[in-house]
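**Student:** Protein chains in written order, with our numbering: chain A, 2 to 153; chain B, 19 to 520.
For the record, the hints were derived by calculation from the structure and aren't laboratory data. A hint or two may mislead.
As the list claims (entries may be wrong) - Only part of the chain A face toward chain B is listed, based on derived beta-carbon distances under 7 angstroms:
{"#": "1", "residue": "Phe-62"}
{"#": "2", "residue": "Asn-77"}
{"#": "3", "residue": "Pro-80"}
{"#": "4", "residue": "Ala-124"}
{"#": "5", "residue": "Ala-152"}
As the list claims (entries may be wrong) - Which stretches of chain B does chain A cover? Using the computed rule of at least three CB atoms under 8 angstroms from a CB of chain A, they are:
{"#": "6", "segment": "203-212"}
{"#": "7", "segment": "437-446"}
Virtual Cβ for every residue (Gly too), placed ideally from N, Cα, C.
Given next are the chains, with one letter for each unit.
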Amino acid sequence: MQSKKITSKMVIPVVTAVIAALFIYLGITKYGFWHEVRGPLPGFFPTIIGFALLGLSVLAFLGGRKEEGTTYPIENWYPALGVIGIMLATLVIGMLPSLALFVILWLKVYEKYNWKTTLVGLAIIMAIVIGAFVMWLGVPFPKGLIYNLIAY
Amino acid sequence: MENLQMLFMGFSVVLTLENVLVTMLGAVLGLIVGAMPGIGSLAGVALLLPLTYKFNPTTAIIMLGSLYYANMYGGSFSAILLNIPGDSPAVMTALDGYPMATKRNRPGQALFTANMSSFIGGLIGMLILTFMGPLLADLGLKFGPAEMTALLLVAMTSIGWLVGENPTKGVVLTMVGILLASMGMDTLTGSPRYDFGNMYLLGGIPFTPFVIGAVGFSQVLKLMEERNKKVEAHINQKLTIKGSMLTLHDFRRLLPPAIRSGFMGTFVGVLPGAGATTGAFLGYAAQKAFKSEEPLGSGAIEGIASCEAANNAAAAGSFAPLLALGIPGSGTGAVLLGGLMMWGLNPGPLLFSTNPDFAWGLISSLFLANLLTLMIALGIIPFLIKILTVPVKMLIPIITVVCVVGGYSTSNSMYGVIIMFLSGLFGYILDRNGYGVAPMLLAFVLAPLLESNMRKAFIISHGSLGIFFEKPISAFLIIVLFAIILTPVVKFVLRKAGVLKK
């Protein structure tokens with residue numbers, strides 16, 4: 002018998018089926034489905050949807066077996082690594098410097114733009130962020146550990 | 019006729035220099051706020067409410083009305099140019115707007131279509147509001163829990179079935195969206211549910227970071243494959259209003275869906291809680307039943323026109339229950355209602371008789387705001403298209419930063435950024451596997467409304483399904499629902515049996 006390679010098109014329905022099973026289990030055992038007097042309980046709606054999702058996941062799995070698998074080029078994940086870097090750097094130096102650092106590193110180091118283009122790009126992005134979000138909307142961006150150590 | 023006279027009286031109130039300038043200011047601010055991912059009309063109106071304190075009540079509410087209205091236009095800008103919807107109704111605009119701007123290289127025409135359709139939809143909504151406002155409000159009240167449940171099921175199922183090539187995948191994601199929305203607090207009792215002991219999940223998954231990630235950040239990951247693509251030369255040649263104009267043929271394609279969605283959107287806007295998002299989704303779903311020159315989802319003018327006209331018409335329609343009954347149709351409507359009450363005005367059946375200058379002034383200002391916003395929006399198209407001339411290499415860090423900032427600014431915490439990040443990865447993986455995220459986003463927005471109405475219906479009927487068939491409106495909608503579900507199944511069976519051609 003020829004074994005079929007497992008692809009993400011088959012994995013996704015399995016994941017949705019697990020999610021459905023979890024919601025059904027918690028809906029019935031923890032949050033309750035129906036009360037004779039009060040009617041539907043907090044678990045009522047998610048449980049019904051969970052059962053529907055479970056059935057559909059089986060159909061999607063069967064359909065996914067017939068489809069070709071897909072690829073995930075490693076390069077496509079770089080912006081995700083960049084966001085993880087921004088989140089970690091925010092803890093230390095704050096969000097605005099982290100964003101500025103990300104833009105500089107991306108444009109200068111990764112894309113190999115010259116300094117002029119890099120700084121123009123940085124200026125435009127930071128003008129949008131500072132002008133709209135900081136000055137107009139007053140969003141209190143985190144300032145980071147270093148700022149807090151110096152300020153307090 | 020009396021309504022027409024009152025409308026002209028309203029124009030005499032609005033057409034003062036101060037009110038026109040204020041309407042224009044509201045239109046400009048609304049466009050900016052609408053185009054900014056992560057803000058949306060609710061936050062926009064709430065943030066700008068203090069700006070109106072210095073004006074008299076009529077001027078103040080005119081400004082808020084135009085701000086809300088222009089917001090509906092602005093949401094489509096970032097959806098078309100960057101594939102990041104400015105607000106939830108614009109999720110549908112991105113489906114055809116972004117491909118039309120990029121794959122078909124017609125960004126100016128995509129924006130023009132969105133603006134013209136918004137204008138037409140809004141105009142239809144306002145005309146209906148003018149002549150049938152109180153009547154519509156009464157009709158909206160006929161929609162009890164059973165009718166609302168049936169309507170929302172139609173909206174969700176139709177999108178799940180109709181968007182994308184694989185109906186099963188669409189409905190799977192619809193269900194996933196509903197389950198994700200059920201995390202946090204129970205809609206009726208307020209008790210914690212599916213929070214998994216996490217403090218942040220108690221408040222549920224915030225929509226804005228979720229949509230920014232699922233649509234915007236996943237787009238960044240996809241753009242990595244186009245990093246080295248050069249900016250198309252002909253985009254540079256069309257940086258004028260003339261170069262962005264629609265041809266007569268385009269306009270003929272735009273008009274029927276815009277008119278249809280204008281009527282449908284107004285009606286949806288009147289329903290309590292349904293709002294512009296439901297209007298946009300239903301408008302797009304309905305377009306599937308009609309002929310489109312290009313397939314929907316591939317950059318079709320009909321796709322943009324149907325949802326943009328519907329969401330603006332719904333925004334106009336939502337004023338009917340707000341003014342005639344004092345019932346806000348949406349969160350933004352609730353802020354507007356708060357503003358009215360702050361100035362001592364009590365919306366309700368008596369508003370039109372006790373404060374006619376105010377009520378009709380507001381309706382007239384919507385006409386003015388619609389026209390002014392169209393003019394401003396068309397005027398800035400050449401500047402907006404310049405975004406597409408920015409090389410993809412440069413756009414990637416820009417959109418990434420906008421996603422991070424937009425994700426943070428909705429909750430003022432890193433929780434929003436984490437949600438944006440995770441939903442971005444989730445959206446990217448789903449997209450690579452042929453799962454379009456639009457049904458999930460629609461279901462996520464509408465799930466709380468569906469759940470509360472469904473549970474109320476079952477409480478009223480003591481658990482009997484008969485409530486959905488007893489009243490004509492809900493019975494009709496349930497028939498429509500079954501037709502939507504069964505049509506592809508019947509077609510499939512008939513094709514297999516050889517009765518229908520493949």
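**Student:** Each hint should be assessed against the structure and marked as holding or not.
**Tutor:** Status of each hint after checking the structure:
no. : hint    : in the structure
1   : Phe-62  : 10 angstroms, violated
2   : Asn-77  : 4 angstroms, holds
3   : Pro-80  : 5 angstroms, holds
4   : Ala-124 : 12 angstroms, violated
5   : Ala-152 : 19 angstroms, violated
6   : 203-212 : holds (count 6)
7   : 437-446 : holds (count 4)
Violated hints for the displayed structure, listed by number in ascending order: 1, 4, 5.
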